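Colleague: Sequence:
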Amino acid sequence: MTDAGVTWTDERVELLKKLWSDGLSASQIAAELGNVTRNAVIGKVHRLGLSGRAKDKAASAPQRPRKASRAPSAPTPITPPNRSNVVIAPIPQAVTLEEKAAGALVDEDVAIPMSERVTIMDLRESMCRWPMGDPTKPEFRFCGARSITGLPYCNHHARIAYQPVTDRRRERKLARA
DNA sequence: CCCTGATTCGC
DNA sequence: GCGAATCAGG
Numbered sequence: 001m002t003d004a005g006v007t008w009t010d011e012r013v014e015l016l017k018k019l020w021s022d023g024l025s026a027s028q029i030a031a032e033l034g035n036v037t038r039n040a041v042i043g044k045v046h047r048l049g050l051s052g053r054a055k056d057k058a059a060s061a062p063q064r065p066r067k068a069s070r071a072p073s074a075p076t077p078i079t080p081p082n083r084s085n086v087v088i089a090p091i092p093q094a095v096t097l098e099e100k101a102a103g104a105l106v107d108e109d110v111a112i113p114m115s116e117r118v119t120i121m122d123l124r125e126s127m128c129r130w131p132m133g134d135p136t137k138p139e140f141r142f143c144g145a146r147s148i149t150g151l152p153y154c155n156h157h158a159r160i161a162y163q164p165v166t167d168r169r170r171e172r173k174l175a176r177a
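Letter 41 of the first sequence, counting from 1, is numbered 41 in full-length UniProt numbering, and no numbers are missing.
Each hint should be verified, as a subset may be incorrect.
[Claimed, not checked] Restraint-style ranges between C-beta atoms, simulated for each label pair:
#1 N35 with T119: 29 to 35 Å
#2 T7 with T136: 45 to 51 Å
#3 E125 with V13: 33 to 39 Å
#4 T136 with E14: 39 to 45 Å
#5 I120 with S21: 26 to 32 Å
#6 T136 with R47: 50 to 56 Å
Don't read these hints as lab results, they were simulated from the structure.
The structure displayed is predicted, hence computed values, not measured ones.
Backbone N, C-alpha and C fix where the C-beta goes; we use that ideal spot for every residue, glycine too.
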């Protein structure tokens, strides 16, 4: 019980760190934590000094020329650059008639830029269950990308799966009033 | 258009 | 300390 999570508890911070260093985007982490916006996550990340995961530019683009009343701030400690994410698994997967019939969907599947596909054995909670291929064949796989809590699909496929009328947008700005 | 993180600044 | 608003880039 206690709070439903309106503060940055240790657990949350830990999860935040984990997910962040795991390579998840701020919006994904925000969705995962719940009750927080992507901005909140980013803000916290910066406050914790976790910023600059795989990026390293440091002074290269004057952000906003507004009122700069803040000190130059300290240079980011930076982190050891490295996050080898070997993701290569083209998986042959012949196109079936069904898939051809799906046309657009096939196109979507092929266009999926992220993650390796997984078998049902490797399918874990919070993994995208978007089917790929013929379920009757052993080559059948799932997307396997990080899914949004509460949803069976990842960000990308969730949008494809639930296309009511474009009103979704992930109810991001709706949270504000 | 969608998304990403970065920064500022009022609270 | 927190996060919305804003900025800047992909």
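Colleague: Could you work out which of the previously given hints the structure breaks and list their numbers from low to high?
Modeller: Of the numbered hints given earlier, the structure breaks just one, which is hint 3.
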